[in-house]
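Peer 1: Residue numbers (this note's numbering), protein chains in the order written: chain A, 1 to 352; chain B, 1 to 352.
Read the hints as simulated data drawn from the structure, not as lab findings.
Please note: incorrect hints may appear among the correct ones.
What the hints assert, rightly or not - Here are the computed lysine-lysine pairs in the DSSO-like style, where the Cα-Cα straight-line distance is at most 30 Å: (1) A:K42 to B:K152; (2) B:K42 to B:K152; (3) B:K152 to B:K17; (4) B:K42 to B:K17; (5) B:K152 to A:K152; (6) B:K152 to A:K17; (7) A:K17 to A:K152; (8) A:K17 to A:K42; (9) B:K17 to A:K152; (10) A:K152 to B:K42; (11) A:K152 to A:K42.
As the list claims (entries may be wrong) - Incomplete in silico selection of chain A near chain B, CB under 10 Å: (12) R52; (13) D55; (14) A67; (15) N95; (16) V141; (17) G151; (18) T160; (19) I351.
Note that this is a predicted model, so its numbers are computed, not measured.
Where a beta carbon is used, it is the ideal one built from N, C-alpha and C, also for glycine.
There are 2 protein chains.
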Amino acid sequence: MSASIDTNSWSCPLPLKDYPAIVLGHGGGGQLTAELVEHLFKPAFSNPALDRMSDSAVLTLPAGRIAYSTDSFVVRPLFFPGGSIGGLAVNGTVNDVAMSGATPLFMSAGFIIEEGFPMESLARIIDDMAAAARAAGVSIVTGDTKVVERGKGDGLYINTSGVGIIPDGVAIAPQQARPGDVVLLSGTLGDHGMAIMSVREGLQFETTIVSDCAALHTMVRDLLAAAPGVHVLRDPTRGGLSSALNEIAAEARVGIVVHEERIPVRPQVRSACELLGLDPYFVANEGKLIAIVERSQGEAALAAMRANPLGAHAAIIGEVTDAHPGMLVERTAIGASRVITMQIGEQLPRIC
Amino acid sequence: MSASIDTNSWSCPLPLKDYPAIVLGHGGGGQLTAELVEHLFKPAFSNPALDRMSDSAVLTLPAGRIAYSTDSFVVRPLFFPGGSIGGLAVNGTVNDVAMSGATPLFMSAGFIIEEGFPMESLARIIDDMAAAARAAGVSIVTGDTKVVERGKGDGLYINTSGVGIIPDGVAIAPQQARPGDVVLLSGTLGDHGMAIMSVREGLQFETTIVSDCAALHTMVRDLLAAAPGVHVLRDPTRGGLSSALNEIAAEARVGIVVHEERIPVRPQVRSACELLGLDPYFVANEGKLIAIVERSQGEAALAAMRANPLGAHAAIIGEVTDAHPGMLVERTAIGASRVITMQIGEQLPRIC
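Chain A on its own, in the form it takes in the complex (with noise of 0.2 Å):
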């Protein structure tokens, strides 16, 4: 996909001009490791923590409680519908310190990059990151830039962490989901993995698979107000639907069951899912939210869910039960019933 980026819209700065690829010296600490913090990653991310250039950022934060997290990002190909690898390292962190509840605001950027990659195709991935972090309200603080050789790497690895902040009162875990509980998914599921599998594996369909890579802080800022009954948070990502629900009844021991005909999935995903032989309950998404809320309130936070741009699509989809813990169960469509397992393993390899 890197072949569709325009290289007559970048104009490289100056002093870069003379490296159209990354080479070992930008990760070695001197003059070229600066070159590229100076016309490169300070102006898309620039902000005082960072403009600081400090081995740390110094930030000032509220009296209470954070939350924490990080993530590596290693997906293939690294632009696919959608978008890339760099939008993909900030709304995944978001959304992981979204799931505890939290206004994100600082992150960190991690970059371990192979030689020989396209300094150009590097500003696009950088460019994409500074957009998506304007757009979560998040700064990118601190960084890191190594240089391995090349074929000791695949272009790019991300690395990304990020800290937000827990408003008084909110208290989500995995162990607060409780039997009479209504499980939430804010919209379809699998267009992330399959995005990428389409784009790997040459699939033409009518309409492309676009991943549905967003932050979600917005989306649990309205649940919260609408709901303050949400037990637990979770994007499912890597593993999909059923890792997530596996080890929330895992961790809460407690039984789930989810209904087959209420979970969104979009025709062309389903299709797709079909074709590679793949369950869109094991498929990433990397812009949908699982919500385990107080039975009382499940409609209030549907209506919240589907008030958000990115939860037209939002369902009830299912509860949680005392029967069967540390289980997740689908009831079908005919009224049968079928154990939901997690995977043992890589179903769709670096799909983040």
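Place chain B on chain A using the hints.
Peer 2: Showing chain B alone in chain A's frame:
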């Protein structure tokens, strides 16, 4: 160096026993990922925030300023005299956080593992991380594991980020260096870089060169107590003393002078540098700090450094001047001067 691991000393936790090496599925977010977390990461790093197993750790911080930093570690080989990538990944970030005068409290850890990496080596590295974190008094509260295909990595890359608390009244930043300040170095130069290089190049000396990898936050604490007029702290890692002092000179728009004969270098490090045509000014350190201090407090700062077990060879190596702003100048033993520029690229690739 991985050959030096005693394969009898590690008893693999049961569910991991079927996997003597990492497979793609360990990064898939399913059962295998869960087993890695349950049987390797959780026992090693256990703390209440991590054990909560949520998308993000929830932490309580006092009101005030925090220091926040990140680094990725791509050192080769993974095991070297004096440590491993595990200890390095903890101490490197602890030190970056400490260089704002902060007490490090919490860390994240992100692993990018190449398919086929020995489980036992991973366990050994995790043990090193856990030991370093305990020694530094920091908790690893959130993490992530990704696996890439054979030939798309180099065994293991680790990213860490860290958060610490800055005591009231501390205002340390590169921009704070002022003409008249003295420049202190906490010990001998080049130990880490030459330990790595001697292993890579198979050099034999009478005594092994051992990495200085260590956490510096207690030295920072002692230093601030003895000399509140500390203006700048920096640990001269990649790029060495030269990059660190050139960056400070540029940020603060001051000149810096160092005196050749005052700079401590171990004889075997000097020999190794001469053999390989390297300059100790450019070689990485992982357990040393530079302090730029109000002149009147220079001796007190030096005494505090030397009283610390990591500071036995500390010295006042130079001073800040309003001559030649932005420039680092060495006065040699015979009275000559030379400008020490930041190296362009990479003298020692993948040193950290």
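Peer 1: Each hint: holds or not?
Peer 2: The hints, checked one at a time:
{"no.": "1", "hint": "A:K42 to B:K152", "verdict": "holds, 29 Å"}
{"no.": "2", "hint": "B:K42 to B:K152", "verdict": "holds, 27 Å"}
{"no.": "3", "hint": "B:K152 to B:K17", "verdict": "holds, 25 Å"}
{"no.": "4", "hint": "B:K42 to B:K17", "verdict": "holds, 17 Å"}
{"no.": "5", "hint": "B:K152 to A:K152", "verdict": "holds, 5 Å"}
{"no.": "6", "hint": "B:K152 to A:K17", "verdict": "holds, 27 Å"}
{"no.": "7", "hint": "A:K17 to A:K152", "verdict": "holds, 25 Å"}
{"no.": "8", "hint": "A:K17 to A:K42", "verdict": "holds, 17 Å"}
{"no.": "9", "hint": "B:K17 to A:K152", "verdict": "holds, 27 Å"}
{"no.": "10", "hint": "A:K152 to B:K42", "verdict": "holds, 29 Å"}
{"no.": "11", "hint": "A:K152 to A:K42", "verdict": "holds, 27 Å"}
{"no.": "12", "hint": "R52", "verdict": "holds, 6 Å"}
{"no.": "13", "hint": "D55", "verdict": "holds, 4 Å"}
{"no.": "14", "hint": "A67", "verdict": "holds, 4 Å"}
{"no.": "15", "hint": "N95", "verdict": "holds, 8 Å"}
{"no.": "16", "hint": "V141", "verdict": "holds, 6 Å"}
{"no.": "17", "hint": "G151", "verdict": "holds, 7 Å"}
{"no.": "18", "hint": "T160", "verdict": "holds, 9 Å"}
{"no.": "19", "hint": "I351", "verdict": "holds, 9 Å"}
The structure shown violates none of the earlier numbered hints.
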